[in-house]
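J.: Sequence:
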Amino acid sequence: MAQYKPPPRLFGADFTESEIAEARRGNRLLMLSLGVTNRCNLKCDYCFTDAGCEPDGLLTLEDYKEVLLQAKDLGLRTVVIYGPGEPFLFDKLASLTDFIVSEGLKLIIFTNGTLIDDDWAVYLSDKPVAIVGTINSLDRTLQDNMLRVPGAFDEIHAALNRLLKAGLADGQPTKIGTDTFITTQNVNEIPTIFRWCRDRNIFPFITRMFHLGRANRLDTDITNGEFGDVVNQLLLIDNEEYGYTWEPHPPYAGARCTNLFYNILVDLDGKVRPCYGLYYELGDIRVNSLKDIWFSEDAVKFQNIDKYLAGKCKTCESNRICYGCPCRTYGLTRNVFVEDAICWR
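Residue numbers (my numbering): 973 to 1317.
Calculated directly from the structure, the hints in this document are not laboratory data.
Note that beta-carbon positions come from the ideal geometry of N, C-alpha and C, so glycine has one too.
Please note: incorrect hints may appear among the correct ones.
As the list claims (entries may be wrong) - Label pairs and their calculated CB-CB ranges:
hint, residue 1, residue 2, range
1, PHE1267, ARG1292, 24 to 34 Å
2, GLU1253, LYS977, 35 to 45 Å
3, THR1156, SER1261, 43 to 53 Å
4, PHE1267, GLY1139, 32 to 42 Å
5, THR1192, GLY1283, 23 to 33 Å
6, ASN1160, LYS1137, 42 to 52 Å
7, LYS977, GLY1283, 29 to 39 Å
8, ARG981, TYR1095, 15 to 25 Å
9, ASP1035, TYR976, 40 to 50 Å
10, GLY1047, VAL1073, 37 to 47 Å
11, PRO978, ARG1317, 17 to 27 Å
12, VAL1073, SER1261, 17 to 27 Å
13, ASP1241, ARG1000, 34 to 44 Å
Unchecked claim - Derived DSSO-like pairs: lysine-lysine, alpha-carbon spacing no greater than 27 Å straight-line:
hint, residue 1, residue 2
14, LYS1263, LYS1044
15, LYS1064, LYS1099
16, LYS1284, LYS1273
17, LYS1243, LYS1279
18, LYS1064, LYS1044
19, LYS1263, LYS1064
20, LYS1037, LYS1064
21, LYS1243, LYS1273
22, LYS1044, LYS1015
23, LYS1037, LYS1099
24, LYS1243, LYS1263
All chains should be modelled from the sequences, with the hints used to inform the complete structure.
T.: Here it is, written out as structure tokens:
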């Protein structure tokens, strides 16, 4: 019988089961997600944030520092900068990164990757920072069409090569990841993208598009059954070609989402939500402390979502490790605590 091992993890998101369990017992916050800018240099047709113009009333660098210090008091270990636009257009990104690092925290930056030049690659190379870039196709024409900007494919791959050369993927856990949304345009290419990542020690976030923002105006989503077929195909590739195994379930192929147990998000306008794709407002950091929001009734219910699973999710044999994708479920049903909306099982 084959002896499988767990797949590689992403730096900063590699909490162990015991660390997560301990954090939940102590009501501790392990991860803080931050929105820093809504500006973007791309026009991705699948964008769930509808990135573009910058709103008024943005948090300042000092505001972010104060939020981070409050989060540290709650147990914070990793910061995630997710956008909602392109983080490398945020003019205080280096200053914010320096502060995060100086506080002994890890950082994950989700980016389209087009703006990471040689200077940024050198700057990031010796810091506790992971970069998650955009790869939706290895076909130049299709990738540029999905991002709506000619030449984006070349800029993304040039940036990934700089990060690889700088050594961010040399160890375990890796410090390079890619973000891939499955659509009807690229669904047949997903196994190729998956192997491309595995061969380079790049962590693949592979999932379905959100029905939010610009993506909500598209008709390119795949079905639940098609999603299940893709996930099972990738599991077979891992089993037979890389010696990895994992249990197939939403929302990612080969990765479990546990963010709601220990994460909270502070957006660029100070509004607080459970997760980047979950538009349910928990409070405002300019009105309440992060501690008060974290221990509020609504927030605690999200942190214990596994106790409120409904429908088939309540009796599913995988509910010990899976709560589905509340972000997509809420986007489709306006209710989090219902049966998962994208599960194929």
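J.: Take the hints in turn and mark each one as holding or not.
T.: Hint check results:
no. : hint                          : verdict
1   : PHE1267 - ARG1292: 24 to 34 Å : holds, 25 Å
2   : GLU1253 - LYS977: 35 to 45 Å  : holds, 41 Å
3   : THR1156 - SER1261: 43 to 53 Å : holds, 45 Å
4   : PHE1267 - GLY1139: 32 to 42 Å : holds, 40 Å
5   : THR1192 - GLY1283: 23 to 33 Å : holds, 27 Å
6   : ASN1160 - LYS1137: 42 to 52 Å : violated, 31 Å
7   : LYS977 - GLY1283: 29 to 39 Å  : holds, 34 Å
8   : ARG981 - TYR1095: 15 to 25 Å  : holds, 24 Å
9   : ASP1035 - TYR976: 40 to 50 Å  : holds, 46 Å
10  : GLY1047 - VAL1073: 37 to 47 Å : violated, 18 Å
11  : PRO978 - ARG1317: 17 to 27 Å  : holds, 21 Å
12  : VAL1073 - SER1261: 17 to 27 Å : holds, 24 Å
13  : ASP1241 - ARG1000: 34 to 44 Å : violated, 26 Å
14  : LYS1263 - LYS1044             : holds, 10 Å
15  : LYS1064 - LYS1099             : holds, 17 Å
16  : LYS1284 - LYS1273             : holds, 19 Å
17  : LYS1243 - LYS1279             : holds, 26 Å
18  : LYS1064 - LYS1044             : holds, 21 Å
19  : LYS1263 - LYS1064             : holds, 25 Å
20  : LYS1037 - LYS1064             : holds, 12 Å
21  : LYS1243 - LYS1273             : holds, 18 Å
22  : LYS1044 - LYS1015             : violated, 35 Å
23  : LYS1037 - LYS1099             : holds, 18 Å
24  : LYS1243 - LYS1263             : holds, 14 Å
Of the numbered hints listed earlier, those contradicted by the structure are 6, 10, 13, 22.
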